[in-house]
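**Student:** Chains as they are written, first to last, in my numbering: chain S, 1 to 329; chain U, 1 to 329; chain L, 1 to 329; chain P, 1 to 329.
Read the hints as simulated data drawn from the structure, not as lab findings.
A hint or two may mislead.
Copies of the same chain are indistinguishable here, so a pair counts whether it falls within one copy or spans any two.
Subject to a maximum C-alpha distance of 20 angstroms in a straight line, what follows is the list of computed SDA-like cross-link-like pairs (lysine to any residue) [to be verified]: (1) K324 - V187; (2) K110 - S98; (3) K262 - R237; (4) K24 - E40; (5) K262 - E244; (6) K83 - D61; (7) K83 - S49; (8) K24 - E44; (9) K327 - A138; (10) K324 - G219; (11) K161 - A132; (12) K324 - D314; (13) K24 - A279; (14) K83 - R304; (15) K327 - V187; (16) K262 - N272; (17) K92 - F273; (18) K24 - Q14; (19) K83 - V197; (20) K83 - I293; (21) K24 - A43; (22) K324 - A217.
There are 4 protein chains.
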Amino acid sequence: MVRFGLLGAGRIGQIHGRNIAASKRAVLVAIADPMPGAAESLAEATGASVRTLDEILAAGDIDAVLIATPTDTHADFIDRAAKAGKAVLCEKPVDLSSARIEETLKAVEKAGVPLMIGFNRRFDPNFAALQARVAEGAVGTVELITILSRDPAPPPVSYIKHSGGLFRDMMIHDFDMARFLLGEEVVEVHSVGSSLVDPAIGEAGDVDTAAVLLKTASGKICQISNSRRATYGYDQRIEVHGSEGMISAGNVHETTVRLAGKNGVTADPVQNFFLERYAAAYAREIEAFIDAIAEGRQPRPNGRDGLEAQRLADAATTAHQTGKSVKLG
Amino acid sequence: MVRFGLLGAGRIGQIHGRNIAASKRAVLVAIADPMPGAAESLAEATGASVRTLDEILAAGDIDAVLIATPTDTHADFIDRAAKAGKAVLCEKPVDLSSARIEETLKAVEKAGVPLMIGFNRRFDPNFAALQARVAEGAVGTVELITILSRDPAPPPVSYIKHSGGLFRDMMIHDFDMARFLLGEEVVEVHSVGSSLVDPAIGEAGDVDTAAVLLKTASGKICQISNSRRATYGYDQRIEVHGSEGMISAGNVHETTVRLAGKNGVTADPVQNFFLERYAAAYAREIEAFIDAIAEGRQPRPNGRDGLEAQRLADAATTAHQTGKSVKLG
Amino acid sequence: MVRFGLLGAGRIGQIHGRNIAASKRAVLVAIADPMPGAAESLAEATGASVRTLDEILAAGDIDAVLIATPTDTHADFIDRAAKAGKAVLCEKPVDLSSARIEETLKAVEKAGVPLMIGFNRRFDPNFAALQARVAEGAVGTVELITILSRDPAPPPVSYIKHSGGLFRDMMIHDFDMARFLLGEEVVEVHSVGSSLVDPAIGEAGDVDTAAVLLKTASGKICQISNSRRATYGYDQRIEVHGSEGMISAGNVHETTVRLAGKNGVTADPVQNFFLERYAAAYAREIEAFIDAIAEGRQPRPNGRDGLEAQRLADAATTAHQTGKSVKLG
Amino acid sequence: MVRFGLLGAGRIGQIHGRNIAASKRAVLVAIADPMPGAAESLAEATGASVRTLDEILAAGDIDAVLIATPTDTHADFIDRAAKAGKAVLCEKPVDLSSARIEETLKAVEKAGVPLMIGFNRRFDPNFAALQARVAEGAVGTVELITILSRDPAPPPVSYIKHSGGLFRDMMIHDFDMARFLLGEEVVEVHSVGSSLVDPAIGEAGDVDTAAVLLKTASGKICQISNSRRATYGYDQRIEVHGSEGMISAGNVHETTVRLAGKNGVTADPVQNFFLERYAAAYAREIEAFIDAIAEGRQPRPNGRDGLEAQRLADAATTAHQTGKSVKLG
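Model the full assembly from the supplied sequences, consistent with the hints where possible.
**Tutor:** Shown next as structure tokens:
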């Protein structure tokens, strides 16, 4: 049994807290959140206690800390949890600054604790099956990957202003998936972005529609596109072309119902909300973290995965701003 | 909060017990099962107590009884629970004898308690959405329905001998779905059956592959086919043709992964196990039962739905055995 | 080069005439049609001459006759063409009377000429591929087949009155496909029919919606359903279940375009017209007939295939009218 | 009736020649080809005569010339045909040099003859329907387009050496489709390419796997990817995202047959050959050219479309070679 403390009881903290409580191999011991009421309601639903952050980090009855607080606190809390000898599962991103992430990774390494970063999509049953088959050689040698992510609607501009921009806030998931599937590091990043969905996003200095091209040292190519808008649901797809074939993972529809009439044959919309689409992924992520702890090894995606994804996001941001490709490594 | 007692802690009782325990509007108070250990392990997982059947029926802290015991006990336990004033959710079938079901329905009517029969497929999100749209007129007036159910593999012959035969044991679900979708009663039943999957099933006097034709008074037609074998997963599909179009609900695939290679484009197999395919249906069934209790009305599918499905199963059995169609109503 | 005479230059005669003219192994020598102008326009388009029926049957420069005249002339023209030593490709059905068909088959046998019946669906690339794979054992031993045919809209009631009824006019194609796929003869026929699309069809003594159940001596089952209405296009599907899997052939959509929006993901309608859907089938049918002539063997589907399909149509008609199943063979 | 002369009776000339001969509004008068026998066999099949190039250009009985000769002759033959007052349909590309294309366009403009460039994909029924619906606003304002083209196998290296490279030889079709769908000109081109399929292609100075990013002045984005390899057939897909939805056009499968077994549900491979996939497109292209002549207007895609696609191919080649994005316009 892994005994968890949860830092942050907001939307994503609620998901993690309930998944920990439902796991047969974990127990949710305590929850901390500065917002009055947030920790309490989750504690009531799960049987956990409410404590302060300091109490959780100092607790002898807690083995692992799940960090689901605002981004700008992640690195600091990882440092403190690592110093306290806790295993850490931290929501992405580690930090908006790659330099700050590197500091944290050193602290974690020194402490010798497991650190996992919450790139939940690696645990989506569809994407996980895709990656497993690619790794088994189902399509031969990987040559070209296309990743697409589109949110149903943009977040508030107030959020966007502090998000680090689309490449760091949204496309970072796709950068992690690209690395997960390419099996080697990217050496070249090209990027274009536009504000087409909401002019206020452009005025805030960000883009809402973007595409990048990545290339690895051996010549593998990856295309990624993102948009803050999709009228037909939460669009999340990956396609991998290799020397011996192609494999793809697609969207999940709300039902299998199809209606045929004068205008054609209509399938139900795809699931519209990331918490619905990735419900299984979040639960499996907790189990993978527990597996690593149980087996005494570093989990994946680890801190270095967090750092490399952030470097790609930085490079894409620069490439977009300068109009020039960025070389890495 | 509806307070449940669970009778029977076998495979299906375990599912129901956990769904009751997970419901925000229900509490699993007690479990009874004559097999040593069965009730205990479920009680431990859910926080319920272990009691005898008599204790549950006599309990003042229990509002509703879920019956998941062997078929030949259903009618008797419904009678007793009704007499004790409990709301009842009973697994299908009520009984293999229609006459016995009628007696039980009278007892339930006299007691004035809610009785729901566990035709879980009505609550499958795909089939429920299909029926809702048909009822809304999405395809106009219903004209012809095709229902297909195929199990991955046959049950043991020892089970089949006491099952009442394929039409009563397996196709009864499809008869209920037919009535659910046709919106009127069947007046004519044609039936053919064969033993193609396992000769031992034929030797036991049953069939493993069968098809029926149903017709209603207004001329609507329904085709049903069943097989105890499907190499590609648990096959469960419905197609409804109406005056203005066609609507269908199909199988659920294990993932959305597709692999394209020299032999074509292969989608992952469909889910292979009824508990996986109908996991959501079982949970929604409990909620629908609670809804009816909360609103003080009879739930659906009710006892009469159980009786009518049984009559269709009887008619199909007779039609198959005599080679002649059977008229009803 | 096979030299053809064409009897009948109506809608279906036009199709056959153009396909013969386009074949690299055939030449369309002459066309006969009692309607002024019909033969002439086709002759102009194809370079054929216009002759009378008698001239075509007596011609020394014609090897084969394609009969595309009204149904009630088929048997007589087959007799005469056979006597004249011509190979014959006759549109289905041979005749509405099975007794009359038997007479004709004797005459053909005596003459020793090739006779092919125009069950064009055997040559549809989709259905032909399906049958070839079933014959190769792709699904093991066949157990249960489902065939569905729905026309976009009913023909005029005036046509229906002389058509022999839905089972002989429309479902006869499906009976032929059933025999093509089952690989053995049917011994039992169950049938239901209704008039749901157009009351005038019912008043004319026919049905517009129907379903049959067929069973073979070894226990294989086939379901067929027909309707004179399909708002979403010309619906033509087959599904074959066997001991080792399932194989199906579906509809052909007008394009591969799909539109995703608030209401879901809509595929273009299926092709709406049988001449569009079966364009390739008609062309391939001519080539198969030429193959048989070139190889000096009887073509398939042959006269006996025409007779057996007619017997099934007769049986289904009787079963529907009496409400009782019909035994064959 | 438009009277055609055909220059070039190679693989693509054969296709065009037969389509002209089959058109009800065109006649194939004469064919010229320096290879002995090529023009003769096509002439025999179509009823055309064999003439020299000079005879065709000077002929009084020829209205239009279709140029299907090697690329390096296109511009010269367009010049000469235009001077002779013939309408011209020329295979893509006009020339590998944009400067040379501009000269030719001036000559055509001076002559005042219609000039159409053979970007056949605009006439594919799937892509044409896609574009028509995009133009009607089916997805609102276009925001992001993804175009994918993959050939089953690379051409011989000897061909590649004189092809102008992948961007000019293969991706030029996709550049034309991008312009067709974007509805505005591209101002920025990013490009990456690799030799992953065949090292000999890399040694010849070309790439066999490539991806580009295009951006228009208003910020619309287009992704294109190409590969000289696809084990699963000829892969040709387009996806258009707009403010109100998404529309796509996909591959054409060989049949609608699907086989379900232990490994999943397998659809037949996609069509493997461009002449099969684009058979309808080539026929419709001829009709569109005839339409323009009949209506006395310039056809589309016209010479300027040929020039702009070539400029994009040049820019992508430069961007790939320099590693830097290229600005246009």
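**Student:** Each hint: holds or not?
**Tutor:** Now for the hints, and whether the structure bears them out:
Proximity of K324 and V187 under a CA criterion of 20 angstroms is satisfied in both settings, with 14 angstroms inside one chain copy and 14 angstroms between copies. With identical chains, the CA atoms of K110 and S98 are at most 20 angstroms apart within one copy only, with a shortest distance of 18 angstroms there and 61 angstroms across copies. For the homomeric pair K262 and R237, the shortest alpha-carbon distance between copies (18 angstroms) is at most 20 angstroms, but the shortest distance inside one copy (29 angstroms) is not. For the identical chains of this complex, K24 and E40 are inter-copy neighbours only, at 17 angstroms across copies versus 23 angstroms inside a copy, given an alpha-carbon limit of 20 angstroms.
Proximity of K262 and E244 under a CA criterion of 20 angstroms is satisfied inter-copy only: 8 angstroms between copies versus 40 angstroms inside one chain copy. With identical chains, the CA atoms of K83 and D61 are at most 20 angstroms apart within one copy only, with a shortest distance of 16 angstroms there and 50 angstroms across copies. In this homomeric assembly, K83 and S49 never come within 20 angstroms of each other (Cα to Cα): the closest approach is 23 angstroms inside a single copy and 44 angstroms across copies. Taking CA atoms no more than 20 angstroms apart as the test, K24 paired with E44 passes in both settings, with 19 angstroms inside one copy and 13 angstroms between copies.
Taking the shortest alpha-carbon separations for K327 and A138, neither the intra-copy value of 30 angstroms nor the inter-copy value of 39 angstroms comes in at or below 20 angstroms. For the homomeric pair K324 and G219, the shortest alpha-carbon distances inside one copy (19 angstroms) and between copies (17 angstroms) are both at most 20 angstroms. When the C-alpha separation of K161 and A132 is checked against a cutoff of 20 angstroms, the pair qualifies neither within a copy, at 37 angstroms, nor between copies, at 39 angstroms. In the homo-oligomer, the alpha carbons of K324 and D314 lie at most 20 angstroms apart both inside one protomer (13 angstroms) and across protomers (18 angstroms), since each shortest distance falls under that limit.
When the C-alpha separation of K24 and A279 is checked against a cutoff of 20 angstroms, the pair qualifies both within a copy, at 17 angstroms, and between copies, at 19 angstroms. Taking the shortest Cα distances, K83 and R304 sit within 20 angstroms of each other inside one copy (18 angstroms), while across copies they are farther apart (66 angstroms). In this assembly of identical chains, the alpha carbons of K327 and V187 lie at most 20 angstroms apart only when taken from the same copy (6 angstroms versus 23 angstroms across copies). Only between protomers do K262 and N272 lie at most 20 angstroms apart by alpha-carbon distance; the minimum there is 10 angstroms, versus 26 angstroms within a single protomer.
Taking the shortest alpha-carbon separations for K92 and F273, only the intra-copy value of 18 angstroms comes in at or below 20 angstroms, while the best inter-copy value is 35 angstroms. For a Cα distance limit of 20 angstroms, the shortest separation of K24 from Q14 qualifies both inside one copy, at 18 angstroms, and across copies, at 16 angstroms. For the identical chains of this complex, K83 and V197 are neighbours neither inside a copy (44 angstroms) nor across copies (50 angstroms), given an alpha-carbon limit of 20 angstroms. When the C-alpha separation of K83 and I293 is checked against a cutoff of 20 angstroms, the pair qualifies only within one copy, where the shortest distance is 17 angstroms, while the shortest distance between copies is 54 angstroms.
In this assembly of identical chains, the alpha carbons of K24 and A43 lie at most 20 angstroms apart whether taken from the same copy (18 angstroms) or from different copies (15 angstroms). In this assembly of identical chains, the alpha carbons of K324 and A217 lie at most 20 angstroms apart whether taken from the same copy (19 angstroms) or from different copies (17 angstroms).
This entry does not satisfy hints 7, 9, 11 and 19, going by the numbered hints stated previously.
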